[in-house]
Amino acid sequence: MSLLTVEHLTIRFGGLVAVDDVSFAAEDGRITAIIGPNGAGKTTVFNCLTGFYKPDVGRMCLNRDGKEFLLERMDGFRIAGQAGVARTFQNIRLFPRMTVLENLLVAQHNTLHRASFHTLAGLLGLSRYRDAEKAAVARATEWLERVGLRRAADDEAGSLPYGDQRRLEIARAMCTNPRLLCLDEPAAGLNPKESADLAALIRDIKAREKIAVLLIEHDMSVVMEISDHIVVLDHGAKIAEGNPAQIRANPAVIAAYLGTDEEDAA
Amino acid sequence: MEYFLQQLINGLTLGAIYGLIAIGYTMVYGIVGMINFAHGEIYMIGAFVSLVAFTILGTFAFASPVLAILIVLIAAIIFTSVYGWTVERIAYRPLRGSFRLAPLISAIGVSIFLQNYVHLLQGAKMKPLQPIVTGGFVMTGDGSFPVRITYLQIGIIVATVVLMAGFTLLIHKTKLGRAQRACEQDRKMAALLGVNVDRTISITFVMGAALAAVAGLIFTLYYGAVDFFIGFLAGLKAFTAAVLGGIGSLPGAMLGGLLIGLIEAFWSAHFPIAYKDVAVFGILVVVLIFRPTGLLGRPDVEKV
Amino acid sequence: MPFPQALREALMAAFVALMLAIPLIGFRLADTMQGLAIETRFDWVAWGVSAVFVGRLVLGLLRGRGRPLGLAIKMPALPPNASTMFALVLGVFALVLPFTPLGDRYTVELAITVLIYVMLGWGLNIVVGLAGLLDLGYVAFYAVGAYSYALFAINFGWSFWLCLPIAGVLAAMFGVMLGFPVLRLRGDYLAIVTLGFGEMIRVILLNWKEFSGGSAGLTSIPRPSFFGFPFTANPEPGQTAFHELFGLEFSPLQRIIFLYYLIFALALLTNFFTLRMRKLPIGRAWEALREDEIACRALGINPTNVKLSAFALGAMFGGFAGAFFATRQGFISPESFNFIESAVILAIVVLGGMGSQLGVVIAAAFLILIPELLRDFSQYRMIMFGFAMVLIMLWRPQGLVAHREPSIRLGAKA
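Protein chains in written order, with the numbering used here: chain A, 1 to 266; chain B, 1 to 304; chain C, 1 to 414.
Read the hints as simulated data drawn from the structure, not as lab findings.
C-beta: ideal position from N, C-alpha, C; glycine also.
There could be a bad hint or two in this list.
Just the calculated beta-carbon pair ranges, DEER-fashion [stated by the list, open to error]:
| hint | chain 1 | residue 1 | chain 2 | residue 2 | range |
| --- | --- | --- | --- | --- | --- |
| 1 | C | 91 | B | 186 | 42 to 50 Å |
| 2 | A | 67 | C | 161 | 32 to 40 Å |
| 3 | C | 161 | B | 124 | 40 to 48 Å |
| 4 | B | 67 | C | 15 | 23 to 31 Å |
| 5 | C | 376 | B | 5 | 18 to 26 Å |
| 6 | C | 105 | B | 290 | 53 to 61 Å |
| 7 | B | 192 | A | 57 | 16 to 24 Å |
| 8 | A | 2 | C | 169 | 37 to 45 Å |
| 9 | C | 169 | B | 290 | 41 to 49 Å |
| 10 | B | 125 | C | 275 | 35 to 43 Å |
| 11 | B | 186 | A | 15 | 18 to 26 Å |
| 12 | B | 223 | C | 54 | 26 to 34 Å |
| 13 | C | 47 | B | 148 | 32 to 40 Å |
| 14 | B | 229 | C | 41 | 43 to 51 Å |
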């Protein structure tokens, strides 16, 4: 059984059908890319998965360690906290005035908050909380090293260069200990070298954490290089699905990206 | 039924005043995203200017009330607008682009300043005005409870409707209105496209002040007494009206104003009058719980 | 700026000043037997307009082009530990103040007032400064605290130390009651609802005479005792007064000094609590919420709970301060809990620099001392106060202390 199964997902905004009867699945230890032209509904799918929008029709079932979570019925923060779905945003959303390390600790809020016995143990300075905090800092440090930001740990997140902010956001998402990581255009605005590093990072996450990665990306070199499975959306509908080689050869995909003769004629 | 009708008329009159002030709040909020806390004081200044102008005309023994009101209206609009413009120029414009609460605190400061400024210059006592427009007629008269509507009330409601219609036209049909709506959506882009943002915002403040001046004049005529403190509560109610109707929406502000006027009128008629403000805010809370963006506010789709 | 341009701008400013001055300064409404009469004060107008003209001209000539007011004074950048040092000095000063030559009755009373506002500022700082929730009705919680202490002490004779936690808990409960329905509203909607709530509480206190004494308020609220030893010259038989306990001469100053240390301790408690909370998950979640609520939700943080905790804790400290206020004054009425109070407390937080504990102290001292220094010109007090609020905001929009100290550091070792 797949980790995430999306069936017949449909979202309308007024008269506009942003996502039209889309079904796909995401597996543990695999990178699934969602691609498509601008306005195809990719980010809307993400917003649905992470609870910011409620779908009009459809089912999103996340199967985690034998427990089923129906994402369409959960509040956004529960999806992240209980079902283990983490995400990044197209227009980076860090906590700009907090430090890099603090950003990563906020990501571990639920664990730490429980360990602080809803603040009480923390206020009293009990060892139980101190240990938990130490572990959280260790986890944060580990991720900082993996994304190469160890030295910036005490800098304000908002002061980091753009590429670093992108990697920090991924590290922050990973600090929530997710089962499904949703990356919304992580390579946008990066130079080729940074893109290559990013691809390596995502592959590293897949290999070492064995979690499922959902990826929205326009940079086809990244997508084709790292994806195991690709879902193509156009005008809200799924037009193709398959591995990179299949997608590259699919006439419908080529038509969607380059336009068809009929459309030119119309 | 007659009683109901009478309260309806009273409530509509009161609501017209709130609505006119609320438009100022809602326009400013729409365009610069700040709560112009000093707007209630601008309205108070409008009322004072009207009173001063009436008294001056009175010393010349002016005969025609209609002409007198017209002159006072123009004077009130002009002088009050200068206050609205100056406040924006001095206290808000330098803070544009700094963080969200800075202009709010500045506005609270302006509000305290203006209140005490008028207090110092004109004294603390309530200033009475002789009734200028008198008379009215009985709408239904079965003798037991005549429903009276005064000429003044008719004038107020008509003037408000005309102003409202004029404003809607202004916002939707003129170049100025287009510039305002553009600034509302995206100030930077508007500036790039050649809209003079500073001027557009100034004009918005002036327009809000002008409407507040009209409201001040109406208040002076209707209640016949003005003091330096009337701005606070009226401002609060008008802002509540703007939020109730959906802040940023002109018809919403008017609707909110009318609703609050009606609630006050009906509450005062049936329940302890002292608690009418509690009723107003209570209803605001209830409405916001069910419609978080107000009655006519655009539903709030989160940009993720 | 070349002279012609400066002249043009000065003329413009003078014209605006003239328009502002004519209706309200130029004419004065005077009450006479025959109703309103008009007096003129055109000489005032002339003076005012000339002053604006000359001032603008001089400013224009002195400065190049730039901001409308000459407010570009820069604060020197302070070394990072300067604020800690400064806070320490302030703390020691506050600790010994009553025993320095400065510590006369008037100064200590004034210092108590400042400390009340410092505490209120610190309480509201949790809500506005850390969690970023705009609360315009904070005074409501202050009122709840004050009235709970007063009512319990008057009706049941409960002691201050018993009433203090009750007042805090009740205020926090009011915070939750108000917060629960409205905290999902966004920024400015929350502002108006809290403002309305503050007014509602005041109106109810004003009109529910059987409960709160109405506009007359509550009088003869028990004054505090030194843990059971009253501050009186002639204790009732069987009681030991404070001065007898320590073998001192009786002096009315003793109670004031006790009150001073009481509020000092309460304020410090608020401060240390907040500083501690900032380093805990909930405190970091408050700040994260202020920075970006959507990102918080994506990280699994329940925004409502986090907001509610900030709201309730802020309210609790407001309640503590209220209880202290009631016992200090011995008399409370709804007049003490009007919107201006909320505005002043909010101004303290924002002027201080959102989230800065030290900033709150400086801003509170500023805002309370300005009107106090002007007490000989009492009629100009509030107008100067409003003016100062605008000026400080224009001068430092980000607040007096804009520096944010991280809640945790990893250290720079690579």
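Quick rundown of the hints versus the structure:
Between residue 91(C) and residue 186(B) the CB atoms are about 48 Å apart, so this pair conforms to the stated range of 42 to 50 Å. In this structure, residue 67(A) and residue 161(C) break the distance hint of 32 to 40 Å, their C-beta atoms being roughly 50 Å apart. Taken as a hint, the range 40 to 48 Å holds for the pair residue 161(C) and residue 124(B), whose Cβ atoms sit roughly 42 Å apart. Hint check: residue 67(B) to residue 15(C), Cβ distance near 28 Å, so the stated range 23 to 31 Å holds.
Between residue 376(C) and residue 5(B) the beta carbons are some 57 Å apart, a value that contradicts the proposed interval 18 to 26 Å. Distance hint check for residue 105(C) and residue 290(B): the Cβ-Cβ separation is about 55 Å, which falls inside the suggested range of 53 to 61 Å. The hinted range of 16 to 24 Å is not satisfied by residue 192(B) and residue 57(A), whose Cβ atoms lie roughly 41 Å apart. A C-beta distance of roughly 50 Å is found between residue 2(A) and residue 169(C), which places it outside the suggested range of 37 to 45 Å.
With their beta carbons about 30 Å apart, residue 169(C) and residue 290(B) fall outside the hinted range of 41 to 49 Å. Here the CB-CB span from residue 125(B) to residue 275(C) is close to 50 Å, at odds with the stated 35 to 43 Å. Distance hint for residue 186(B) and residue 15(A): a CB-CB separation of about 24 Å, consistent with the stated range 18 to 26 Å. Judged by the Cβ atoms, the range 26 to 34 Å given for residue 223(B) and residue 54(C) is violated: they are separated by roughly 41 Å.
For the pair residue 47(C) and residue 148(B), the beta carbons lie near 49 Å from each other, so the given range of 32 to 40 Å is not met. Against the hinted window of 43 to 51 Å, the Cβ-Cβ separation of residue 229(B) and residue 41(C) comes to about 22 Å, which falls outside the hint.
This entry does not satisfy hints 2, 5, 7, 8, 9, 10, 12, 13 and 14, going by the numbered hints stated previously.
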